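Participant: Chains A and B, in that order, are what the protein sequence lines are. Residue numbers for the first sequence follow our numbering, beginning at 1 and rising by one. Residue numbers for the second sequence follow our numbering, beginning at 1 and rising by one.
Since the hints were made in silico from the structure, they are not lab data. All figures in this text were calculated on a predicted structure; none of them were measured in a lab. Hints are not guaranteed to be accurate.
Claimed, not checked - Restricting the straight-line Cα-Cα distance to at most 25 Å, the calculated cross-link-like pairs of lysine-lysine (DSS-like) are: (1) K285(A) to K64(B); (2) K528(A) to K421(A); (3) K52(B) to K64(B); (4) K52(B) to K195(A); (5) K343(A) to K285(A); (6) K528(A) to K195(A).
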Amino acid sequence: MTDTNTTAMEQSFWNEKKGIFSWIFTLDHKRIALLYLYAITAFFLVGMTLGFLMRLELIAPGQTIMEATTYNKVFTFHGVIMIFLVIIPSIPAVFGNFMLPIMLGTDDVALPRLNLFSWWLYIIGASMALLTLVYGPGSADTGWTFYAPYSVNTDTNVTLLLFAAFVLGFSSILTGLNFIVTIHRLRAPKMTWFKMPLFAWSLYATAWIQLLATPIVGITLLMVIAERTFGIGLFDPALGGDPVLYQHLFWIYSHPVVYVMILPAMGIISEILPTAAQRTIFGYKAIAISSMAIAFLGYFVWGHHMFTSGMSGEARVVFSFVTYLVAIPTAIKVFNWVATLYKGSIHMTPNLLWSTSFIFNFMIGGLTGLILGALSVDVHVHDTAYVVAHFHYTMFGGTIFVFFGAMHYWFPKIFGRMYNKRLSYISLTLTFIGFNVTYMAMLIVGGQGMPRRYYDYLPEFTTLNQISTVGSWVLVIGILMMIYNLVRSAKKGEIATANPWNGVTLEWQIPSPPPLHNFVKAPILSDKGPYDFSILDQVNRENLEN
Amino acid sequence: MSKHEHTPSFKSDLITFGLLMLLTAITIWASYATGGTTVLAVLVAMGIATVKATLVVRNFMHIKYDDIIYKLFIGAVIIIFGVFITLLAVDYFYR
Ligand code: HEM
Ligand SMILES: [Cu+2]
């Protein structure tokens, strides 16, 4: 056993070539995925530190550790890092790149050179964003949303940061394009559309949003740059522009993009749960089609971010109404996941526990979203800590939790080793508790009226803010513990087998870690779809023969 | 793959071209007939332009010969774009 697996390591993509250039100029989808993983992890740690510092500032009213203007820069950079450098690329660029070709039964994405180019665009965009910190008039203080006219008038480094976001947008577009072509052209011969794993479906829906929506924000950001540099009156009323138009254009992209963040996470949940319950997913077609429905309906609702912007009353009513439509396909997924677990033969694993934590957090995120979608309520809680808590519940408690869960699910496949499960349960527990304490307190204090983007607050908000700050300490400890466990195990962990969780999708039918061209022999595809566990014995027998 | 071997003939391309030229002539005529700057003039001009764009996409860009899935996606994109314009109009015309 151990022997076959040490040879698996020797024959894997890890050992195919050595040296830094064999990584940064690689065309192998697996290595590109890992390049993204390392970069995204680094930026996540920077973003987390900024979040930690903001919470520290908020431990007491008045100035504590930073000035008001510094706080503005910190939440701006925290937001820009977490949105453009972490969460938008996160799951597609890392797990999509690594797993999609394998799950489809092919040896790479359709356009490997474009894939490498996407990563380089990401690195160039990220470097430009970092550059805004160190030169000239100081880093941007507009918030990650760059609302005009302030973004037109502030003399901080907004122009370069906008351009960085523009370049990062192209990286995202090209990844999406690559996945669309891969899914259309490179599926294994017997794999029809409705025999694809659900993660592939979710990446497909996501890719269309990346491809169609990202150019809109790209142009919008360029318009702000044009207004700043050439004084063209587009958004600034002083120049004859319309600031509400900026918000329209920004949110026409930025609402659909929340589905770029969450759909791939939902796809991964639809992979982990069948494996954990050892049964086929409940409602395969409903989940697949609801991904496409979410991607489509996501274009109709952007105005719910603008209820207090001065938009017409008629438009506000329409947007509030259609916002509720998106809840339907989302709820379909949640019900199907729960039904998948019902009466399954559940094996408790760290990845399952991350997934159920996701469902818990995401329910809070989703339901607070419905509350915010109600026009009459939103005019009161808009721009309060309630909103900040809501989107951390969806993006952090949602997507990032699934990212961590996926790490624990696919870790043995990627690194060929197993992590310390006890430590992973402990770090998950700390992260979960810390997360919920931090943001539940912010949810409540926001409902009481504490505004967002303020470094100071009224004395009556002190207790809840202190609870939230202490929560953020527990949260950070949990995350650091998890990262320590994973980093250590990647080198020193126990050698993992090809199929440690008894999955049946194609990535579990090849050695851990995979060889350079993924498949050494034709994978087994069931006629009954991707989650047919009656082929498990056959899969495991073939794995032993490898 | 076989469906891609089916390429349009020179003759059918020429007919499409002729139709496009005819529609261009009608656009010019209609702009005089409707007064040029009226709401009706804009609607007529946009209507004819839509027909022309459809012809180009269908015949010259070969969407006619493609899978149903591409037609579906092009349809979806046009609907989405229509939704953008409609919802923006609900704001701008009622503000
Ligand atoms: C790791 C622990 C984290 C902590 C302690 C944290 C904390 C905070 C705090 C205190 C704020 C500012 C509230 C305000 O005064 O308006 C904030 C804003 C924000 N956070 Fe986080 N956060 C964390 C992780 C994340 C993650 C993972 C994401 C997304 C993936 C994220 C996205 C954002 C965004 C977009 C903003 C808004 C920035 C703006 O107002 O322009 N955060 N966060
Ligand atoms: Cu939204």
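Participant: For each hint, tell me whether it holds in the structure or not.
Facilitator: Here is what the structure says about each hint:
1. K285(A) to K64(B): violated (29 Å)
2. K528(A) to K421(A): violated (33 Å)
3. K52(B) to K64(B): holds (15 Å)
4. K52(B) to K195(A): Distance of about 39 Å is beyond 25 Å: violated.
5. K343(A) to K285(A): holds (20 Å)
6. K528(A) to K195(A): Within the cut-off at roughly 8 Å; holds.
Consistency with the previously given hints fails for numbers 1, 2 and 4, ordered from lowest to highest.
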